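Engineer: This is what each chain is made of:
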Amino acid sequence: MEAIEIYDISKSFGPVHALESVSFTVRAGELFGLIGPDGAGKTTLFRLLTTLLIPDRGTARVGGYDIVADYRAIRSCVGYMPGRFSLYPDLTVEENLNFFAALFGVTVAQSYNLVAPIYRQIEPFKNRRAGKLSGGMKQKLALSCALIHRPQILFLDEPTTGVDAVSRSEFWNMLSDLRQRGITILVSTPYMDEASRCDRIALCNEGRIMGIDTPRGIVHQYDTELYAVRAHNMYALLEEARKVEGVDACYPFGEAHHLVAGLGFDSGHFAERLGFLDGLHIEPVAPTIEDVFIKLMKR
Amino acid sequence: MNDVVISVRELTKRFGDFIAVNRISFDVPRGEIFGFLGANGAGKTTAMRMLCGLSYPSAGSGTVAGYDIRCESERIKRCIGYMSQRFSLYNDLTVRENMLLFAGIYGLSRREALAGSERMLGKLDFVSEGDTLVGSLPLGWKQKLSFAIATLHSPEVVFLDEPTGGVDPVTRRQFWEMIYEAASQGTTIFVTTHYMDEAEYCSRVSVMVDGEIRALDTPARLKQQYAANSMDEVFRILARGAKRGE
Amino acid sequence: MQNNFLSFVKKESLHILRDSRTMLIVMLIPVVLMVLFGFAISTEVNNIKVAVVAPNRTDAIRKAVTQLAQNDYFSFYGYISNDQVDKKLRSGEVNAVVLFVPDYERRMVDVGSGVSGSPVIQLILDASNVNTAGAASGYLQSILWGPVSQQTLFETRMLFNPQMKSAFNFVPGIMGLIFILVCAMMTSVSIVREKEMGTMEVLLVSPVRPFKIIMAKMIPYFAISCIVLLLILFLAHYLLGVPMSGGVWGILSLSMLYLVLSLSLGLLVSTIAQTQVAALLISAMVMMMPILMLSGMLFPIENLPKFFQVVSTLIPARWYIDAVRKMMIQGVPIAEVWSNCAILFGMTVLLLGVSFKKFNDKLE
Numbered sequence: 001m002e003a004i005e006i007y008d009i010s011k012s013f014g015p016v017h018a019l020e021s022v023s024f025t026v027r028a029g030e031l032f033g034l035i036g037p038d039g040a041g042k043t044t045l046f047r048l049l050t051t052l053l054i055p056d057r058g059t060a061r062v063g064g065y066d067i068v069a070d071y072r073a074i075r076s077c078v079g080y081m082p083g084r085f086s087l088y089p090d091l092t093v094e095e096n097l098n099f100f101a102a103l104f105g106v107t108v109a110q111s112y113n114l115v116a117p118i119y120r121q122i123e124p125f126k127n128r129r130a131g132k133l134s135g136g137m138k139q140k141l142a143l144s145c146a147l148i149h150r151p152q153i154l155f156l157d158e159p160t161t162g163v164d165a166v167s168r169s170e171f172w173n174m175l176s177d178l179r180q181r182g183i184t185i186l187v188s189t190p191y192m193d194e195a196s197r198c199d200r201i202a203l204c205n206e207g208r209i210m211g212i213d214t215p216r217g218i219v220h221q222y223d224t225e226l227y228a229v230r231a232h233n234m235y236a237l238l239e240e241a242r243k244v245e246g247v248d249a250c251y252p253f254g255e256a257h258h259l260v261a262g263l264g265f266d267s268g269h270f271a272e273r274l275g276f277l278d279g280l281h282i283e284p285v286a287p288t289i290e291d292v293f294i295k296l297m298k299r
Numbered sequence: 001m002n003d004v005v006i007s008v009r010e011l012t013k014r015f016g017d018f019i020a021v022n023r024i025s026f027d028v029p030r031g032e033i034f035g036f037l038g039a040n041g042a043g044k045t046t047a048m049r050m051l052c053g054l055s056y057p058s059a060g061s062g063t064v065a066g067y068d069i070r071c072e073s074e075r076i077k078r079c080i081g082y083m084s085q086r087f088s089l090y091n092d093l094t095v096r097e098n099m100l101l102f103a104g105i106y107g108l109s110r111r112e113a114l115a116g117s118e119r120m121l122g123k124l125d126f127v128s129e130g131d132t133l134v135g136s137l138p139l140g141w142k143q144k145l146s147f148a149i150a151t152l153h154s155p156e157v158v159f160l161d162e163p164t165g166g167v168d169p170v171t172r173r174q175f176w177e178m179i180y181e182a183a184s185q186g187t188t189i190f191v192t193t194h195y196m197d198e199a200e201y202c203s204r205v206s207v208m209v210d211g212e213i214r215a216l217d218t219p220a221r222l223k224q225q226y227a228a229n230s231m232d233e234v235f236r237i238l239a240r241g242a243k244r245g246e
Numbered sequence: 001m002q003n004n005f006l007s008f009v010k011k012e013s014l015h016i017l018r019d020s021r022t023m024l025i026v027m028l029i030p031v032v033l034m035v036l037f038g039f040a041i042s043t044e045v046n047n048i049k050v051a052v053v054a055p056n057r058t059d060a061i062r063k064a065v066t067q068l069a070q071n072d073y074f075s076f077y078g079y080i081s082n083d084q085v086d087k088k089l090r091s092g093e094v095n096a097v098v099l100f101v102p103d104y105e106r107r108m109v110d111v112g113s114g115v116s117g118s119p120v121i122q123l124i125l126d127a128s129n130v131n132t133a134g135a136a137s138g139y140l141q142s143i144l145w146g147p148v149s150q151q152t153l154f155e156t157r158m159l160f161n162p163q164m165k166s167a168f169n170f171v172p173g174i175m176g177l178i179f180i181l182v183c184a185m186m187t188s189v190s191i192v193r194e195k196e197m198g199t200m201e202v203l204l205v206s207p208v209r210p211f212k213i214i215m216a217k218m219i220p221y222f223a224i225s226c227i228v229l230l231l232i233l234f235l236a237h238y239l240l241g242v243p244m245s246g247g248v249w250g251i252l253s254l255s256m257l258y259l260v261l262s263l264s265l266g267l268l269v270s271t272i273a274q275t276q277v278a279a280l281l282i283s284a285m286v287m288m289m290p291i292l293m294l295s296g297m298l299f300p301i302e303n304l305p306k307f308f309q310v311v312s313t314l315i316p317a318r319w320y321i322d323a324v325r326k327m328m329i330q331g332v333p334i335a336e337v338w339s340n341c342a343i344l345f346g347m348t349v350l351l352l353g354v355s356f357k358k359f360n361d362k363l364e
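Protein chains in written order, with our numbering: chain A, 1 to 299; chain B, 1 to 246; chain C, 1 to 364.
Think of the hints as simulated: they come from the structure by calculation, not from any bench.
This structure is a prediction, so every number in the text was calculated from the model and none was measured.
C-beta: ideal position from N, C-alpha, C; glycine also.
Be aware that a few hints might be false.
Here are the simulated DSBU-like cross-link-like pairs (lysine-lysine), alpha carbons at most 30 Å apart as the crow flies [said to hold, decoys possible]:
| id | chain 1 | residue 1 | chain 2 | residue 2 |
| --- | --- | --- | --- | --- |
| 1 | C | K49 | C | K63 |
| 2 | C | K212 | A | K126 |
| 3 | B | K123 | A | K298 |
| 4 | B | K123 | B | K77 |
| 5 | B | K77 | A | K298 |
| 6 | C | K306 | C | K326 |
| 7 | C | K195 | A | K132 |
| 8 | C | K10 | C | K49 |
| 9 | B | K142 | C | K195 |
| 10 | C | K10 | C | K212 |
| 11 | C | K326 | C | K10 |
| 12 | C | K358 | C | K326 |
| 13 | A | K243 | B | K123 |
| 14 | A | K298 | A | K243 |
| 15 | A | K243 | B | K77 |
| 16 | C | K195 | C | K212 |
| 17 | C | K195 | A | K126 |
| 18 | C | K10 | A | K126 |
| 19 | B | K142 | B | K123 |
| 20 | A | K132 | C | K10 |
Not the full set, but computed from the structure, chain C residues with beta-carbon under 7 Å of chain A [stated by the list, open to error]:
| id | residue |
| --- | --- |
| 21 | K11 |
| 22 | V202 |
| 23 | L204 |
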């Protein structure tokens, strides 16, 4: 069964093409990641699928319902966490949760076992105003609120943006747990390193999908040789490396620079050419999703 | 001591009973890219505000570009550049207007400002976009532009508060190349980020947890010390013990 | 689904109660305005300092001056000479001067016997405050006319507001203004705030109908406005002594209609404005200015240029203030102002209809 089916959807805002003929499907029970920077059209896609916007062209189905014709049906079976902090800062943790439960006509008790693993972590602070919570705790409360009516499909728009690395990794653990319970999750993120936590991902940029596959499959698509190069003076290395023939691209990547080998590249020759740089070191390296993204962007 | 641009001793900031920054000490030499990491609420922003002369320390001392952060904050403001993800540029002004405006704010003469902004436009390959409204530029361009503007008056130190949030990987790298270049010309860079791979680009990295600096070293030595493969792991090992949120 | 409506109302009430500063302002503004308009800003004639120029202080003149000095509205400054008149008025030492002609008594006899002649008394007034000068002139004339003749040529009676107390006129005006302020401004800001925070997105992506979202927003503000309404009526009656002779129930029911109208106006603003600042500006500029200028609150509508008289018919506050004024001060029962009620009702239905139609359950 497909939880989300998107066929050739386009959406423009005036002269800006937010989405241009996007198509993909998300299977039931899948944790699907939309990976892309700001302006990729992720938020627009979420708003289309949660029936807040109407597409200019194309159709989509969520949980089997058409996003235009059956939008009311969709609204009762999905959970949505928009990009911004979408809770009431002047209400307490508990009041927020109760309110969102009532919004969907359920009680907290009915859904407690689903939200419990997440909510229990913030329950000690249930009388604190939501506005006074830390970034990680806000995130947990927002997720609890989005889950309170036991949705089949969960839409999370950039839930980890601006959150520190530890909270981010905790959040992904929670998502994995939810997936185990059979909830379909569509999540977007600008952090490439989070892609590996998804079952499948779509790389998107400027309103287009550049590639869809499992994280491993995406990396397998990378068909050129990639090297990690290092030297004491990294900036000089970057400038010099780009002058060497056969180097398609060289860009900073973590502690090293990644070097994309083109036609006629030879690592031995490279080491010789730049031998004047102290501490020069070159070795083949396995590509990451970010390398794939960079390559697809340049195409 | 001309080569130490930022020097901080036992710097502390209290808000009532709450100790936001607890006796931090470090030195940043000229031309270094200093990564200032920490979990949400660890006290990074407070510490950065004190260094920029926006907040008065409760205890401890520090100098930035040779000026005392307690009593010479006005002088400090003149020789630093600041850029954050939140406030960057005026969207309803053109690229050139923004450049001239900030050049003026930092006290460049009209002639210096004009020459400086044209040079900057050329370097960024932005000459054709000089009269475009900043609001209509893509985010990545805006960020590059705000960095260029923050360095227009050749400051001694540039403070960057999460400069690359939400920017695509290619632009993010172009941005870091600008940082590298500025650093290689002797500008000191003080940067906070949530991207752990960016932490690896820094010459040295400090990790703040609960208002204190728990670790400060080169990325390579930190990874060695904590037997980790990446800065991400180092950060997680250090920040896991964090007791407080924002 | 009744349950979720109640929790909606509860949530809105919590927002309002937690924002205690705004609550305080909403409750304080009416009180401050009532006190200001009731006591401080007054167009009443009070304590007018009158000097008299009388070349011969005859008995008749003394009698007239005594009467003048005994009157509450005037205080007798003293006798001055003809050449001091200008100086005294200019310095503000006196507000009015009464000049008697030298042969006052003889001329009075002529007037009394029907022989027409030149004026016998001249009034010189400081008219820098037009209202005060006009009223003072009227009072002075009526006081001084007495000794002129036993037979009464004119009798003027001020009906409904015999003391010409300006507070009476301002109370309906304040009500017309305050309810727009509280209802329209606060509802529009509270709805737009949710748009800004992003919570509106979550509310829309829920099975709850927009109708319910809106109604739940309106109810707490309606309740607050009712409290403010009672507060104003209480202050008006017991502090300022406004008679309310037309019946409190009539005033209450008309005011409630006006509250609903203001709420729907706020709703309409919220569908246009995207930011809280915009909502505030629209409420303040587009709604408050016309109410102040064109509703008859400060300036009588009859005195406006023709064009603005036509514009004023579009302003709900005009009809409301007019009707309340009639009921509060003239003692007219609500049935007599049915046309105002009908117009207000029509406006409410129209505004509600338009705003419900405009309040989309999409983001565009």
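Engineer: Which numbered conditions among the earlier hints are violated in the structure presented, ordered from lowest to highest?
Structural biologist: Violated hints: 5, 8, 11, 12 and 15; rest satisfied.
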